[in-house]
Amino acid sequence: MNEDDIVYKCKICNYITTRRCNMKTHKSSKKHLKNVEKSGTISKYECKLCNYKTDCLAHYNQHLESRKHKNIKKETKEDCGSKSEEEKEVNEITTKEIKEGFCMMQGMFCELIKSNQQLATIIQNGTNHVTNNNNNNNTNNFNLNFFLNETCKDAINMKDFIESIEVSIADLKKLGNKGYVEGISSLMIDKLNELDITQRPIHSTDVKRNSIYIKDDDEWEKDEKEKLMSTLWDVARKETQALEKKYKAEYPKCETDRNSREHEEYWRIFYNAMGGKGNMDDLQKKVIRRIVQNVAIDKTIIY
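With the UniProt record's numbering, the residue at position 28 of the sequence shown is 28, and numbering never jumps.
Simulated from the structure, these hints should not be mistaken for lab results.
Wrong hints could be hidden among the right ones.
Quick list of in silico lysine-lysine cross-link-like pairs, DSS-like style, CA-CA up to 27 Å [to be verified]: (1) K159 - K173; (2) K222 - K159; (3) K174 - K246; (4) K38 - K24; (5) K38 - K48; (6) K277 - K248; (7) K222 - K277; (8) K225 - K178; (9) K53 - K68; (10) K48 - K253; (11) K27 - K70; (12) K24 - K277; (13) K253 - K68; (14) K159 - K238; (15) K208 - K191; (16) K191 - K246; (17) K286 - K191; (18) K9 - K31; (19) K27 - K9; (20) K70 - K222; (21) K31 - K68; (22) K208 - K225; (23) K30 - K48; (24) K68 - K30; (25) K9 - K30; (26) K53 - K38; (27) K178 - K253; (28) K238 - K225; (29) K70 - K174; (30) K191 - K238; (31) K53 - K27; (32) K53 - K70; (33) K48 - K27; (34) K159 - K286.
Label-pair distances were calculated between CB atoms; the ranges are [as the list claims (entries may be wrong)]: (35) K70 - E226: 35 to 41 Å; (36) E255 - N149: 48 to 54 Å; (37) I72 - T151: 55 to 61 Å; (38) I189 - F146: 54 to 60 Å; (39) K208 - Q241: 32 to 38 Å; (40) P252 - K9: 23 to 29 Å.
Cβ coordinates follow ideal geometry from the N, Cα and C atoms, glycine included.
Put together the whole structure using the sequences plus the hints.
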């Protein structure tokens with residue numbers, strides 16, 4: 001989702017913008033602060049170290065991750081302040097925002113499914129289907145058609161490959177510490193490397209052009225990145241599911257103690273699973289480049 005697609009609204013001032021920076025500037029303006037004072041609105045979340053206030057949990061957690069806050073906290077070695085009455089309801093608010101995040105992801109999955117259905121229709125018409133004819137892609141006597149349909153005929157389907165992925169606590173921590181690109185790509189690549197080359201559900205014939213072939217429903221098809229991008233969403237979904245089940249079971253304090261390291265790490269993992277501060281399209285392109293480099297076919301080897 002592009003930043004221009006998001007609408008930011010200040011209900012107190014009846015101010016609307018599509019730019020996050022504009023909203024940030026507005027909230028520090030005299031007009032906004034004066035209207036807040038008149039309305040009697042009390043911020044739910046307050047960082048006393050930085051004199052930062054907000055009524056949005058997501059913004060508060062982003063502030064806690066900011067360099068400014070961490071530097072001040074490191075210098076003073078103090079906590080952000082005592083819990084207010086509003087902050088005592090954080091567990092209920094946290095659960096609500098997590099559910100909203102999952103709903104948003106489900107909506108994106110539905111849109112991707114629709115796109116894949118349209119792509120499947122195009123493929124059935126024969127535009128990208130890998131058929132057993134004489135249209136071979138030969139480079140140094142390499143026969144792509146033979147490699148996919150004969151050498152790799154027993155390769156696992158992509159759907160089955162994704163379902164087989166087990167996300168560990170270490171995988172979640174890497175996502176939280178390294179970010180979306182490193183966390184998602186390393187998980188995919190590590191699992192692919194556990195398979196023999198002829199068992200993998202994805203191959204690349206041209207790294208520069210991102211030429212990708214994926215096996216699903218027992219057939220190899222050339223992918224124009226739509227299926228692989230959909231796969232990346234599935235991997236992110238597996239990460240968030242593991243976060244809700246495995247991480248919470250391993251670190252129950254992440255829900256009950258807002259000042260704990262586990263709580264901070266939990267939100268950082270969830271935030272990065274959604275793309276963090278980056279543009280999701282750009283992030284996915286970076287992940288795809290890493291995967292393509294790892295699954296490139298060595299045409300000099302006789303498999």
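To see whether the hints hold, each was checked on the structure:
no.	hint	in the structure
1	K159 - K173	holds (25 Å)
2	K222 - K159	holds (16 Å)
3	K174 - K246	holds (15 Å)
4	K38 - K24	holds (20 Å)
5	K38 - K48	holds (22 Å)
6	K277 - K248	holds (24 Å)
7	K222 - K277	violated (31 Å)
8	K225 - K178	holds (24 Å)
9	K53 - K68	holds (14 Å)
10	K48 - K253	holds (23 Å)
11	K27 - K70	holds (22 Å)
12	K24 - K277	holds (15 Å)
13	K253 - K68	holds (26 Å)
14	K159 - K238	holds (13 Å)
15	K208 - K191	holds (23 Å)
16	K191 - K246	holds (19 Å)
17	K286 - K191	holds (18 Å)
18	K9 - K31	holds (15 Å)
19	K27 - K9	holds (11 Å)
20	K70 - K222	violated (47 Å)
21	K31 - K68	holds (25 Å)
22	K208 - K225	holds (14 Å)
23	K30 - K48	holds (21 Å)
24	K68 - K30	holds (23 Å)
25	K9 - K30	holds (17 Å)
26	K53 - K38	holds (16 Å)
27	K178 - K253	holds (23 Å)
28	K238 - K225	holds (20 Å)
29	K70 - K174	holds (20 Å)
30	K191 - K238	holds (13 Å)
31	K53 - K27	holds (10 Å)
32	K53 - K70	holds (16 Å)
33	K48 - K27	holds (18 Å)
34	K159 - K286	holds (22 Å)
35	K70 - E226: 35 to 41 Å	holds (39 Å)
36	E255 - N149: 48 to 54 Å	holds (50 Å)
37	I72 - T151: 55 to 61 Å	holds (59 Å)
38	I189 - F146: 54 to 60 Å	violated (26 Å)
39	K208 - Q241: 32 to 38 Å	holds (35 Å)
40	P252 - K9: 23 to 29 Å	violated (36 Å)
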